[in-house]
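Build the complex from these two chains, which are given one at a time in their own frames, with help from the hints.
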Amino acid sequence: MMVGIVFLVIVVAILFLLVSAYNRLISLKGQTDNAWKQIDVQLKRRHDLIPNLINAAKGAMQFERETLEAVVAARNSAVNACASATPATAGQVAAAEGVLSAALTRFMAVVEAYPDLKATGNIGQLQEELASTENKVAFARQAYNDTATIYNVTQRQFPTVLMAGMAGAAPAQLWEITDEADRAVPVVDLSMK
Amino acid sequence: MATFFDLQEKNRKKTRLIVVCFVLFLIWLGLGLDLALYYWSGGNVRTGSYGYRYRHHYTSSAPSTSPVKKEKHFRPIFTLIVGMAGVGLAWWSMSNAAGTVLGAMLARPADRNRSPGEQTLLNVVEEMCIASSMTMPKVWIIPDPDPNALAVGLKEGDYHIAVTEGLLRVLNRDEIQGVVAHEIAHLKNQDTRLMTALAVLVGLAALISEFVGRSRLLGIGSSGGGESDDRKIGGIIFALWLVSVILAPFVTQLMALMVSREREYLADASAAQFTRNPEALAQALEKIAAAVSPTALVKPASAHLCIASPTAADVGSDAGTSWFATHPPMRMRIHRLMTIGRTLQEREARV
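Heads up: the sequence lines are chains C and S, in that order.
Per my numbering, residue 1 is the first one in the first sequence, and the count goes up by one each step.
Per my numbering, residue 194 is the first one in the second sequence, and the count goes up by one each step.
Excised from the complex, chain S in its bound form (with noise of 0.2 Å):
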């Protein structure tokens, strides 16, 4: 039987899998050129498109002790290109707040004062930060009559956790601590982080795609007869390359997607171990399920912070995973809750 620990791992091996192949795509996107464009120059006597001047054919069984061997450095020029748009697009992103976010969905903080339920919310949260060791974030609430929270923020000391008045409304304190639990999972297994990298690799891969598409870069291949080896092994590298930069902007976004899916999972398993009361959760989600209206304050692009996707599509929908979807369906979610669920009652029954 699983435990929600055992859960944890295999999620977490599962995300750094799909991550490192992201990384390595892009990576292939990068250096894909670079190859293309080395093994083409090596083949002619020529000076490359790209300042690449290889006089000598390149083939490596030559144990070549000759000074002009030196010449032919492989300069991933273009790899560099990539990975400095990569930097430059994570830093701009990172250094946008999370007070954006929050302001576009007319957020306000949480007040112990103003009602029972914001001052049961605040102490949940409270109580949900001592189980997991976590710093207490700041608690806005969101002015939306559709049940659902999310979690914003990058680092330590600028955590935010938002709930909308009708979670408050429509759920009871159990219910209310495994949503909370569910949201101080993301920030603790710092899937904001996480999720905020992979856009600025989506977005990378997209400019990239869109710059190939637009220049004249598809032009290359056509030049030029096949007749050495070197041009043949470019010309293959480049074909592939280019099958891959076009298919890099939907290949990417589904990578994504998928680790946002998997994230939710982990945010389940981690509530789990905090509350020790899955089922608790499980409720919440059906309740939140129920309520099929799609939460109208919060915007698309911060749909995989939710503890459930706010857009209508998503909510109601009783199919399997779909290859698009921020979330795994509900009735998963629920089920592997109850299956937590169910393993914590026959432990318990033992001991």
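Only chain C is shown next, with the shape it has when bound in the complex (with noise of 0.2 Å):
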């Protein structure tokens, strides 16, 4: 009687252990794509905010046209990354930002350069909305990349390993800045000089 009790109370309590590991894993896969998601409705929102930068600055910038045309081409080779994006291809999607946001450094180091520009019309405004931007992106990424790791390390750890093939729990791939981000930096400087 005894021992059937104790029993009883471990499968109780191994079976616990168990729902509750495939409960986590599921939960933090949610997370997982939910904060991905959310980077994708940052990278769109950059990209809707561009067109309003380029016609407020238009006027004043005939000087820096290289520099508009250069914004303009990487924001739509970050659109079209961004429209078949899933976390398998955050590489492309990465690179194809990491363009765009170098081009748009470069943008508001000229807007800098010229006081004037600062002051007339909205670009002040403008200029806080794109700094925004640029840290809303930067976060996203953050957190998804925070909830990734935590999602992929908890795959491997005990009891949740167990449970892993049963929830369908792959790791996710974090959204780095890769190499080939980096290097295309560059490229697109020299293409304007």
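Treat the hints as calculated values from the structure; they're not laboratory data.
Note that this is a predicted model, so its numbers are computed, not measured.
We treat Cβ as the ideally placed atom computed from N, Cα and C, and that holds for glycine.
Wrong hints could be hidden among the right ones.
Subject to a maximum C-alpha distance of 20 Å in a straight line, what follows is the list of computed EDC-like cross-link-like pairs (lysine to aspartate or glutamate) [said to hold, decoys possible]: (1) C:58 <-> C:129; (2) S:381 <-> C:146; (3) S:206 <-> S:455; (4) S:381 <-> S:351; (5) C:37 <-> C:134; (6) S:348 <-> S:304; (7) S:348 <-> S:311; (8) C:37 <-> S:319; (9) S:331 <-> S:311; (10) S:381 <-> S:539; (11) S:203 <-> C:146; (12) C:44 <-> S:319.
What follows is a list of derived Cβ distance ranges for each label pair [said to hold, decoys possible]: (13) S:531 <-> C:4: 57 to 65 Å; (14) C:20 <-> S:220: 24 to 32 Å; (15) C:156 <-> S:309: 42 to 50 Å; (16) S:531 <-> C:72: 41 to 49 Å; (17) S:207 <-> C:161: 46 to 54 Å; (18) C:13 <-> S:351: 34 to 42 Å; (19) S:328 <-> C:13: 45 to 53 Å; (20) C:17 <-> S:301: 48 to 56 Å; (21) S:202 <-> C:26: 17 to 25 Å; (22) C:45 <-> S:202: 48 to 56 Å; (23) C:83 <-> S:365: 17 to 25 Å.
Reference listing, derived: stretches of chain S covered by chain C, where coverage requires no fewer than 3 residues with Cβ under 8 Å from a Cβ of chain C [to be verified]: (24) 304-314; (25) 321-329; (26) 466-476.
Okay, here's the thing in structure tokens:
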């Protein structure tokens, strides 16, 4: 009788452990997917903001046409890369967005160099929006990486590792600044000179 | 080297320990009297003052199978009363709307078009919500020249962050980001709920103490001689319980403040996680500490929700941790943030 009860308690405890491990994995998977979508949302926001920025700056920046054109070109290729993005193709999206970030950085530097431009119209306001959007992309990426790291580590930990197969858990790819993207930045700079 | 994740884990464990002690202490406040009465009524053949009716001497070693034994149920009446009072108080304080706190501070909603400062603030709050995977809280401006910020709200959908006009004027963008991250961290870590719960427990302890002080319960201890073992045990328990009750308001208040200080450190460490820029928050804290004037519009009751204590006494003090402060000393917080910053830099250098 006593042995039976002890046995039952152990079985229930193990079951409870496995179920909570399974639930934890599923919850983390959902969080990771959601964090990935957040990056997407923020990238789209950035893409939508750029036409406004270009329009506001166009008149005053005739002499910096190449800079504007580089931003537009980088934006268009980034939009294309994002259109078919999944966590598996994170590398390609990261590369395209890296190019866009570089172009925008250059644009911001140009704006900084012309105090008149900053003072006129709503460039100042747009600048803040752009800075914020850049931050949002970076923070969305950071949140995704933090969540994905926890997810990946949990998959390999005991006891969750036992349920990884049943929960369909696969390692999520982190959004890294790849060598490819790093190398792409100077290429844009050269083409504009 | 401690990363912010390690610090957060350590901090959460510490808070959990304090809260468990807290609850055990309150259970003891209820159970102590019940136990004392139980032993007393067990030792005396009498109808206890709390309705206990035990005809037999209570000795646990006696393996009695007599039906009379069934009468000797331990009825924790006082514990139940304490528990019910706690639930009632909790319900009352949870139903208190966040709007009352904000209304008392004359807060107005932040408006993107009103000034560049408010545009930046709203953007920064959005950024920090993304970094922390939170939903956007309502953002308020408090018309006070002293730099300070606070978070209110007990549940998702009713979260609010308020900053003073002084904060927007004194701090730069990165520093505002650090402060907002600290406040978002308070909401994310559910500190607002934790501190409300602790306030309820502190209130409960004060209530019990007041009740005992005014009632004639104190007379029970002196009545009757101590000839049997049970009476002695009951007497000892009662004495311990009485001391606890007298000290309760003081002890619980100190424990709540201890939790409050731990949560400040935790919010700082979480802010470092969200911004990856602990130096900016450290700078912001330095600037806030430099502004020695108290934040007049923030009431002391909301002090534990602020980025820095709004009362004048705590702001400028360089002393070690005070037992009565809601916040740890600025110097310690800045020191810890700088340590996190160095760890981050070292890791980046290695990659």
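* Pairwise hint evaluation, residue 311 of chain S against residue 331 of chain S, where the allowed Cα distance is 20 Å at most -> holds, 13 Å
* Asked: Does residue 351 of chain S lie within 20 Å of residue 381 of chain S when you go C-alpha to C-alpha?
  -> Cα-Cα ~13 Å, so holds.
* Per the coverage rule (Cβ-Cβ under 8 Å, at least three residues), is the region 321-329 of chain S covered by chain C? -> holds (count 5)
* Asked: Between residue 17 of chain C and residue 301 of chain S, does the beta-carbon spacing fit 48 to 56 Å?
  -> holds, 51 Å
* To do: Kindly confirm whether 17 to 25 Å is satisfied by the beta carbon distance between residue 202 of chain S and residue 26 of chain C.
  => The hinted range 17 to 25 Å holds for residue 202 of chain S and residue 26 of chain C, with Cβ atoms some 23 Å apart.
* Kindly confirm whether 17 to 25 Å is satisfied by the beta carbon distance between residue 83 of chain C and residue 365 of chain S. => violated, 37 Å
* Given the range 48 to 56 Å, decide if the beta-carbon distance of residue 45 of chain C to residue 202 of chain S lies inside it. => violated, 34 Å
* Measuring from beta carbon to beta carbon, are residue 207 of chain S and residue 161 of chain C in 46 to 54 Å? -> The hinted range 46 to 54 Å is violated for residue 207 of chain S and residue 161 of chain C, with Cβ atoms some 29 Å apart.
* If you draw a straight line from the CA of residue 348 of chain S to the CA of residue 304 of chain S, is it 20 Å or shorter? -> Violated, at roughly 24 Å.
* Asked: Between residue 348 of chain S and residue 311 of chain S, does the CA-CA distance stay at or below 20 Å?
  -> Violated, at about 25 Å.
* Quick one, are residue 37 of chain C and residue 319 of chain S close enough, alpha carbons at most 20 Å? -> Within the cut-off at roughly 16 Å; holds.
* Do the beta carbons of residue 531 of chain S and residue 72 of chain C sit within 41 to 49 Å of each other? -> holds, 43 Å
Hints 6, 7, 10, 17, 19, 22, 23 from the list above are not met by this structure, while the remaining hints are.
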